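Here the protein sequences line up with chains A and B, keeping their order. When the count follows full-length UniProt numbering, it moves up by one through the first sequence with no breaks and lands on 667 for the last residue. When the count follows full-length UniProt numbering, it moves up by one through the second sequence with no breaks and lands on 667 for the last residue.
None of these hints come from the bench; they were simulated from the model. Just so we're clear, the structure is a prediction, and the values are computed from it rather than from any experiment. Any given hint could turn out to be false.
A pair counts as met if it fits within one copy or between any two copies, since identical chains are not told apart.
To be verified - Cross-link-like lysine-lysine pairs, in silico, DSS-like; alpha carbons within 30 Å at most: (1) 326 x 206; (2) 545 x 661; (3) 591 x 497; (4) 554 x 18; (5) 210 x 260; (6) 554 x 540; (7) 591 x 447; (8) 540 x 591; (9) 591 x 468; (10) 55 x 645; (11) 591 x 528; (12) 545 x 136; (13) 447 x 18; (14) 528 x 645; (15) 468 x 326; (16) 661 x 18; (17) 528 x 497; (18) 540 x 528; (19) 55 x 661; (20) 260 x 270; (21) 661 x 254; (22) 210 x 270; (23) 159 x 591; (24) 18 x 254.
Number of protein chains: 2
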Amino acid sequence: MSRWIQPGDNEDITNERKKATFDTERMSAWIHGGPEVLKRRREILNFVKSVDDFKDPVPTEFMSREERILNNSRKVVAMTDNTDQIDGSDFFGEGMYYQALTMGRDLHAMSLHYVMFIPTLQGQTDDEQLDEWLTKAISRAVVGTYAQTELGHGTNLSKLETTATYDPATEEFVLNSPTITAAKWWPGGLGKSSNYAVVVAQLYTKGECKGPHPFIVQLRHDDTHLPLRGIRLGDIGPKLGINGNDNGFLLFDKVRVPRKALLMRYAKVKPDGTYVAPAHSKLGYGTMVFVRSIMIKDQSTQLGAAATIATRYASVRRQGEISPGKGEVQILDYQTQQFRVLPQLARAFAFMAAATEIRDLYLTVTEQLTHGNTELLAELHVLSSGLKSVVSWDTAQGIEQCRLACGGHGYSQASGFPEIYGYAVGGCTYEGENIVMLLQVARFLMKAAEGVRKGTANLADIGAYIGKTGSRTSRLTTHHHYTDSEIVEDLEHVARKQVFRAYDRLKSAQDHLRPEDAWNSVSVELAKASRWHVRLYLVKNFLNKVSLAPQDLKFVLTDVARLYAYDIITSSIGAFLEDGYMRSDQMNEVKEGIYECLAKIRPNAVSLVDSWDYDDKELKSVLGRRDGNVYPALLEWAQNSQLNKTEVLPSFEKYLGPMMKDARSKL
Amino acid sequence: MSRWIQPGDNEDITNERKKATFDTERMSAWIHGGPEVLKRRREILNFVKSVDDFKDPVPTEFMSREERILNNSRKVVAMTDNTDQIDGSDFFGEGMYYQALTMGRDLHAMSLHYVMFIPTLQGQTDDEQLDEWLTKAISRAVVGTYAQTELGHGTNLSKLETTATYDPATEEFVLNSPTITAAKWWPGGLGKSSNYAVVVAQLYTKGECKGPHPFIVQLRHDDTHLPLRGIRLGDIGPKLGINGNDNGFLLFDKVRVPRKALLMRYAKVKPDGTYVAPAHSKLGYGTMVFVRSIMIKDQSTQLGAAATIATRYASVRRQGEISPGKGEVQILDYQTQQFRVLPQLARAFAFMAAATEIRDLYLTVTEQLTHGNTELLAELHVLSSGLKSVVSWDTAQGIEQCRLACGGHGYSQASGFPEIYGYAVGGCTYEGENIVMLLQVARFLMKAAEGVRKGTANLADIGAYIGKTGSRTSRLTTHHHYTDSEIVEDLEHVARKQVFRAYDRLKSAQDHLRPEDAWNSVSVELAKASRWHVRLYLVKNFLNKVSLAPQDLKFVLTDVARLYAYDIITSSIGAFLEDGYMRSDQMNEVKEGIYECLAKIRPNAVSLVDSWDYDDKELKSVLGRRDGNVYPALLEWAQNSQLNKTEVLPSFEKYLGPMMKDARSKL
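Just chain A, with the same shape it has in the complex:
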């Protein structure tokens, strides 16, 4: 009997849970990394539920921005007061879960403090600076952020306009924003919460520009929190999501900071202004890979939440009759509904598998690096950039599919979807805009293709398919006999074909264009190649992980993994047919395979989403609540509306009432 069943639950959702052909507890353990992890999740959950400071006085959807900021600041102080409750070294596991439960999807005043400010100090300070600043940051004596992006400048760091000019007379740097477009813009917590920031500025000394460098700068007074002289800053206004964070702007008017404000682990400026270039270029790949594995887990968690809401709601919502006279059916029984929702669930599984794998690969690479082995490094860096791009886009699309599948109620903030979407879709843009990321992946793929053509390629596992000579036709017979390795071969073929299509077009464009123009002229094809490279990895990794699952879970996971793979294949039919690699009867087999997967997953759908182990506190959705008692909860939720605080609004008193009265007097 599923632990998700409780007395008083909606009968339909209980019946769904009784139908499951596997044990949700064992599936949860498989998804999250073992029974010990589950046990820790529940300890953390119970702790969070026991602390009053983590409770929201009303659902956050009803709060103004000012109220959200205040509410979140209370919670983040409580959260960081209690970090002894979790294993701080396990951010991927316990840390992310603890933060999700306490802070939700609105982020908070100290998001950048932990994600960017502290890691930058750890990576960029010399020993003396580290002692001073890391102590202050970790003890929460200061709240910091990371100010790099400017109003007019994002990806291209070399064109940042903020300057830091060294004055040897006073041994100070002068920070200045020469134009409006030089305003720092977007950093989280910069507007109102932070009193310190790492500011990236063009370093000038002895009349020469040495490029962008990081400086630690105090922005607000320790006691009064007022901006220091020459500093103008504030909130940049409401956004599509994450409105509990005060993303800010910052302008400097010749602000003087000491020489030691420059973080000097690599580059240094001596008191006389002599610039000392960094001895080694920094090896930042590893951290970026780790950050992206966290992002991918986060995206997968959001998509899983959306699929959970849509699946549970579709099990309690009844509408329309399939058999006349037999009453309205659960909308989850409609094939179109299954077709909209279940592939999103499959994607969430695939992305979670990738997130875990990338985290583990990161550990392997870190270990290899200590032995001077850099074999996997470049490919792994490239893969994580590509994954970030494909996963964030598919997640955003998938969340909206789940929302639309809930009809009108999906549009209400009661559903949780608007918040989930607003939060998750930001991932398409931050940490490297998706198209820019895909084009970085393409640089690697083009080098690999060139290596293969010239016979000099040395490709590790992730890119090995580029150098393989595959079959010229698919070995698929019927979908019942379609093996994992055949699926992977078929995706390898398509990925390889697109890599070389892009490569050949690039070479031929280079015949008559300068290299940069040639690159631009084939960039759509390059981005496509990168997407296939990533999809191949996602499918291969997921199939592999499922093949290693315990037998009692494997049969249902296989349905999920097949649905994921078949959905990718049938979404790009042309890619498999255009060179005669697959025949249309073979493709029809894959299409049939989808319908079969949908039918097989249907009875397990609710238990599959239960296995993701979302507590209602994490899910934050009236439609997706565990007990399925959606309708009374919607009515109760709506009572919180700001508009319901007053029976007769000023809009009637001032405008609508007089209008109607005047009209009545003339009838």
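Model the placement of chain B on the given structure of chain A, informed by the hints.
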């Protein structure tokens, strides 16, 4: 010289406008229906700009819901005070434009009053009721809404739970909500603004249920605006968009209304309780077609706005270098950027062409009906349902593509995108959920297919292709020689193939399943057939409209129309290849065609979006402003943030400040 160029504009955007190879004023006239229409648009614009009551004290993005409701109520009274400024009979043209300029995308207290309440009175009242209620409604002596959807019931009207039980003793109906799921839920303006509603309830008389019927019901007191006895109602809370409207809930506790509350144009209840069934089933098709033509124009207008913002911003945003040392380039020069944004512009054009055509067809059909000719009626009804579905989905997707193409700034509400998306994507759900609509279209297509197979089909122009015997292979040679009629033939082939694929699968499913289960088991294929039916129409109609355009506009419009068609074809390559209809070298021609279209449209892109004639007041986007001076405007916009009203927030005083002080004391 473009009228869009003014002194002080951003230099890049001015240069773009100078490059245009056509006259924007003539293009505007082509899009909107002639120079006279343009003249009227400008008169309306100037009037709206001259009225103080239409001005927002701060940009609406910074308002709370309470403030939005108040602001919108002031504006809607002013808007309806001044309807003499427009031709009220031309809602498709002048009415929609006037409302867009005055009310924006937040809607208002009287949205449903005009869109549903008055039309229902016009259609459903008997003569006596019409006199009483229409006079009150039009004079604005009452504010009404339309309450049909319930918390637990949407599409399937027969299962509505609200009851209206006739009591012959007092000659009254008793309205009652027997369960929570019977609560009326969603009607616009129901929560706080309306004092009347047309309520749809199950009519019971003499112990029998006669199905859902409309009743006019007073909800709030004329003078005090307090809810009448037995009525409980309120706002349903914040939504993904349209938060200036108080969508509401409504519960009846045995509320008595007079017998004449039943709108009696068709069905009647006599004083003794005798039910008189309607003589004719109402002919509602025409109105629905008209409403959907308005919806399609509205969607097209939102997508055009998104494309305008993204295109203008891409012309002033500079980032990255293509030629080293030549400075950063306009991001519109990146092929990937063009590939994201320009197809959205092409879609907006195609949708506007469809909206106009459907409106004209509606007039034709109305004319035909007066002669008893119903030839086109069913097909037109079906087409408009399908268009609603395809257009709203493509619009939502397109808006998000445009937003993402603007990078970080697209995520800010300053961009306008969050509001545009939140507003437009609602169209996927209201007026018939998209998948439900597609399956209605499929009913028609399956009938047509059966007719063709049996030789009894009698298909008007829109569905004629289903009965045609087309070529077995595409006639495409090179994209330079790909004619309009060949493009249409190719799409016809694919649409027809999918119609019969779905039909054959349906027939074969019917061999072993009950009809309803058979239908459900092929519903994904049915929905696909419907989408192709609609896409074919969209392409055919747009190509046709362009072929009739004046020569000086035709060359650029042809690029746009080709981009639209090629984008559809290359997004579903498999559909053209799978039966050998097209060869992959032919498909490569279409792919090349896209790149050529992008390159040709590039220099005209800004002037093409200018031609849509959005004033900044309508666009409401800092990124998309006419003058291109985006950066100072962003900085200025942000100053309105609620958080910037106070230099030091309570969150510092109460939480962050004490936390830091405590930590400092321990260092």
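Hints and how they fare:
In this assembly of identical chains, residue 326 and residue 206 lie within 30 Å of each other by CA distance solely across copies; the values are 26 Å between and 85 Å within a copy. Taking CA atoms no more than 30 Å apart as the test, residue 545 paired with residue 661 passes in neither setting, with 70 Å inside one copy and 49 Å between copies. Taking the shortest alpha-carbon separations for residue 591 and residue 497, both the intra-copy value of 22 Å and the inter-copy value of 16 Å come in at or below 30 Å. In this assembly of identical chains, the alpha carbons of residue 554 and residue 18 lie at most 30 Å apart only when taken from the same copy (19 Å versus 63 Å across copies).
Taking CA atoms no more than 30 Å apart as the test, residue 210 paired with residue 260 passes inside one copy only; the shortest distance there is 17 Å, against 84 Å between copies. When the C-alpha separation of residue 554 and residue 540 is checked against a cutoff of 30 Å, the pair qualifies only within one copy, where the shortest distance is 16 Å, while the shortest distance between copies is 49 Å. In this homomeric assembly, residue 591 and residue 447 come within 30 Å of each other (Cα to Cα) only across copies, at 25 Å, whereas the closest approach inside a single copy is 35 Å. In the homo-oligomer, the alpha carbons of residue 540 and residue 591 lie at most 30 Å apart both inside one protomer (20 Å) and across protomers (29 Å), since each shortest distance falls under that limit.
Taking the shortest Cα distances, residue 591 and residue 468 sit within 30 Å of each other both inside one copy (28 Å) and across copies (27 Å). In the homo-oligomer, the alpha carbons of residue 55 and residue 645 lie at most 30 Å apart both inside one protomer (21 Å) and across protomers (27 Å), since each shortest distance falls under that limit. Taking identical chains as interchangeable, the C-alpha atoms of residue 591 and residue 528 lie at most 30 Å apart whether they share a chain (23 Å) or sit on different chains (13 Å). Taking the closest pair of Cα atoms, residue 545 and residue 136 never come within 30 Å of each other, the shortest separation being 43 Å inside a single copy and 68 Å across copies.
Within a single copy, residue 447 and residue 18 get their C-alpha atoms no closer than 53 Å, and across copies no closer than 41 Å, so neither meets the 30 Å cut-off. For a Cα distance limit of 30 Å, the shortest separation of residue 528 from residue 645 qualifies neither inside one copy, at 52 Å, nor across copies, at 47 Å. Taking the closest pair of Cα atoms, residue 468 and residue 326 never come within 30 Å of each other, the shortest separation being 57 Å inside a single copy and 41 Å across copies. Taking the shortest alpha-carbon separations for residue 661 and residue 18, neither the intra-copy value of 59 Å nor the inter-copy value of 54 Å comes in at or below 30 Å.
Taking identical chains as interchangeable, the C-alpha atoms of residue 528 and residue 497 lie at most 30 Å apart whether they share a chain (11 Å) or sit on different chains (28 Å). Taking identical chains as interchangeable, the C-alpha atoms of residue 540 and residue 528 lie at most 30 Å apart whether they share a chain (18 Å) or sit on different chains (29 Å). For the identical chains of this complex, residue 55 and residue 661 are inter-copy neighbours only, at 25 Å across copies versus 46 Å inside a copy, given an alpha-carbon limit of 30 Å. For the homomeric pair residue 260 and residue 270, the shortest alpha-carbon distance inside one copy (10 Å) is at most 30 Å, but the shortest distance between copies (92 Å) is not.
For a Cα distance limit of 30 Å, the shortest separation of residue 661 from residue 254 across copies, 28 Å, qualifies, whereas the shortest one inside one copy, 61 Å, does not. Taking the shortest alpha-carbon separations for residue 210 and residue 270, only the intra-copy value of 14 Å comes in at or below 30 Å, while the best inter-copy value is 91 Å. Taking the shortest alpha-carbon separations for residue 159 and residue 591, neither the intra-copy value of 49 Å nor the inter-copy value of 35 Å comes in at or below 30 Å. In this homomeric assembly, residue 18 and residue 254 never come within 30 Å of each other (Cα to Cα): the closest approach is 69 Å inside a single copy and 39 Å across copies.
Consistency with the previously given hints fails for numbers 2, 12, 13, 14, 15, 16, 23, 24, ordered from lowest to highest.
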